[in-house]
Amino acid sequence: MAHSDGIGTRRDNSLGGAGLRAGVAGNAGRDASVPEGATGRQLLDVSNLSTRFQTPHGVVTAVDGVSFSLAAGGSLGIVGESGSGKSQTLFSIMGLLPFNAEIQGSVRFEGRELIDLAPVALNKLRGERLAMVFQDPMTALNPYLTVERQLSEVLQYHRGLSRRQARAEALLALQRVHMPESARQLDRYPHQLSGGMRQRVVIAMAMIGSPALLLADEPTTALDVTIQADILDLLAEQREAGTAIVLVTHDLGVVARLCDRVMVMYAGRVVEEGWTREVFSHPRHPYTVGLLAAIPRLDDDLCNPRKPIDGQPPDLLALPEGCAFAPRCFCVREICRRKSPKLLEHDRDGAVACYRENPEALPS
Amino acid sequence: MLSMLVKRLVGAIPTLFVIITMTFVMMRLTPGGPFDTGRVVSPEVQANLMRAYHLDEPLFQQYLRYLGDLTRGDFGPSFTSKDFSVTQLIRQGFPVSLELGVSAMALALVAGLGLGTFSALRRNQASDHVVIAFSMVGIIIPSFVMAPILTLVFGVTLQWLPAGGWGDGHQLSYKILPVIALALPRISSIARLSRSSMIEALQMPFIRTAYAKGLPRRLVLFRHASRAAILPVVSYLGPATAGIITGSIIVEQVFSIPGIGRYFVDAALNRDYTLVSGVVIFYGCIIVLFNLIVDVLYGVLDPRITRR
Amino acid sequence: MTRDTSWRRLARNPMAMGGVVVLTLIVLLALFGSGLSVHAIDDVFWDRISAPPDVEAGFYFGTDANGRDLFVRTVLGARVSLLVGLAASLISLVIGVAYGAVAGFWGGHVDSVMMRIVDILYSLPFVFFVILLTVYVGRSLSTIFITIGAVIWLDMARIVRGQTLALKQREFVEAARAFGATNRRILVSHIIPNLLGPVIISMLLVIPDAILTESFLSFLGLGVQEPNTSWGVLIGEGAQSMTEAPWMLLFPGAFLAVTLLAFNFFGDGLRDALDPKE
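First to last, the sequence lines map onto chains D, W and S. Just so you know, we're using numbering that gives the first Met the number 0 here: the first sequence kicks off at 0 and counts up by one. Just so you know, we're using numbering that gives the first Met the number 0 here: the second sequence kicks off at 0 and counts up by one. Just so you know, we're using numbering that gives the first Met the number 0 here: the third sequence kicks off at 0 and counts up by one.
Please keep in mind that the hints were generated in silico from the structure rather than gathered at the bench. Treat the hints with caution; some may be incorrect.
A short, non-exhaustive set of chain W residues, derived as facing chain D with CB atoms under 8 Å [as the list claims (entries may be wrong)]:
1) ARG50
2) PRO204
3) LEU218
4) ALA227
5) ASN269
6) PRO302
Each residue gets a CB set at the ideal place from its N, CA and C atoms; glycine is no exception.
Please put together the full structure from these sequences, using the hints given.
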């Protein structure tokens, strides 16, 4: 059974649905940020991940057959609108779903299967090997405990350090995130810090166990623009130090800054993925095209403003048959409304799920 | 922190004044005067009595005299118990009422928090519904219905515990039923309150962060969630005390316990003005003081209040 | 219209509807119950002092310590308890609406001071003050509900003040002012009529408190006096005769408990129907 904090239930790989990797038979997983042809065990291997929620209004499939891999030290950006399932993907990996959630598929981290892992074993990994940074630092931190407490407890629990030792480590952690006056901030409470400082604390808390993988859920969205750059620099530092990062964001600029590879999600499914440079310069899926076209540029003609993508985000309770993006697509065809296209690889080390690109992308 | 304390103290003073003034005004404005026993007395005796109790002085002077007496702890003589002053009677009855009240509050906190937390962790299961139903009953059934029933069941029918009295003050068996009777409505309220506050606390984002750090469930509950969940209960301590003081009137009556509540009822039945007023002022001061302590406690627990 | 959906939501709530049914029954009993009983209120039966229930002889609930039929006394008690509850609520309504409307309407310093007074009074155990008042003012039926009402108006004042503050900002007040209406006229013709809704609901929630307070007093002997009786009096008498005649405690106690429960379920349901927290 799924717990309020745990990952849930049955392993069932017989799930169909869009995003199924076909056409590359025999390929167990995809390598991200590793040149094509290289082998080696991946740090993170997500295969056919699906997460469904039982709501009073019906079943919501937030994540629908998502697969990707990440090598050690690599960086992947996941972009999409609200409701695309990008954040839920991260929560599914971390096992932070509510108890009305149901997970299927496989998530292998450092070779271990995380889904249905016993809580004790899962807790050993979380905070130490695998850490997460959340969106709003004000609510992510406990307002009733000091900064030091929230940092120290990670090492106290995971490494059995004494309070004093852990406190020393906490100070170091704050210094590593370039917290001004770090010694003073240790005994402060979250509400006494500014937004940017709070997010540094959150990052420090995530990094204090020296994790191999950092999951970041829109880490700069709740911050002032001026602070965003600082935080992004901080994350870049972690990446350069060897920590793998999966970054969820709706801001393509952030992806360009931090991520080698990018994955575009829509209505819970992956619609395009590939090297960031490639996807940004040659977007293949109409949604990606729309996203990129909507970014304002310095040389824009103010009399012809940029157009946002037509239509509304999909209602996950009432997904249309066929491609979920069809109602808003500028080059939609008859086949699009009938059947959802599969995610197929192309020759530039990426993949896209669209009939325009791959007329043969019919699900079997 | 200190400035907050001073501010609260200063804020409490008007409350005290309101209580004292209201009581005084009622006392002095009663038509017929306090000696309206129906007995006919000669005019000289009447005048002497008036002078002895300073009732011939102008009203404002009487008020100041009253305030002066109060600061010295003198509530005046009891009108019906001729041998005792009000102060003496209060001093006699207070230790008993205090023990009863403190025990009831302790029981209410322990049982209420325990039940509430238990229920919150088993949300929507059978045991949760049982606790909710129980607390609903405890809140609504008045204490003057519950206390006699408790006596009936445990004191008379089953004969497990004495049906009333306080013994010599040191016997536990006499204290069990009255403390339970007094605590019951509070147990229900605290259970209900702590249940909902715990459920709310567990849904806060920082709980998710705690789990993301790999902390085990018990740590998340006892270090992270409980801090947030306890605050509404602390706020409730003020009204809870007022409720216990009110409830003690009934409980002391039903179980024949020699506390202040008992004196208060007798005084009210016998129209002993000074004793009734004295008890009201005394308990009023206690409540004001207690609210002050609760305010400070809340400030200690919630750093957002004391530290900007 | 929101009002229609509110009533529908209320109707769908089984506990609240149950409460309404029970309350209706109790009120009917209070009004017409004496017709159901065989005996009159002051009939004394010397041979049946504290006697157990005897349905054939017409003593459905037994008799009290004075040999009077408990059923008919319970019915009378219902009448008095409900009446006092209602009357006290009306008094608290008058005081509360006046106080709250003035505070909310004038705003500013006047409002702060007035609400501060309410805060002060709120923290005190008002039963003590009711008892204090009865000592000075006496214990006739009318003084009882006046003293209760004079003490429990605080919640009403708070609610009215909040509503007044909100209403003050609405456009029709601005419009009235633009037409040159005086403050008093605005208060009386515009604001007070719009307070009716929340006020009626608050009153429904105050009535059980008033009934409870009256029962509390009467239990101690400080409330309703002979020849009248209320549930509180009956419970008090029952508590004294508990060992020999437990029915004297249980019947009126059950009636009071059930009535309060019904009020509470109905009140909760009403609150949820008008302000759902989905």
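Going down the list of hints, with the structure as the test:
no.: 1; hint: ARG50; in the structure: violated (62 Å)
no.: 2; hint: PRO204; in the structure: holds (4 Å)
no.: 3; hint: LEU218; in the structure: holds (7 Å)
no.: 4; hint: ALA227; in the structure: holds (6 Å)
no.: 5; hint: ASN269; in the structure: violated (52 Å)
no.: 6; hint: PRO302; in the structure: holds (4 Å)
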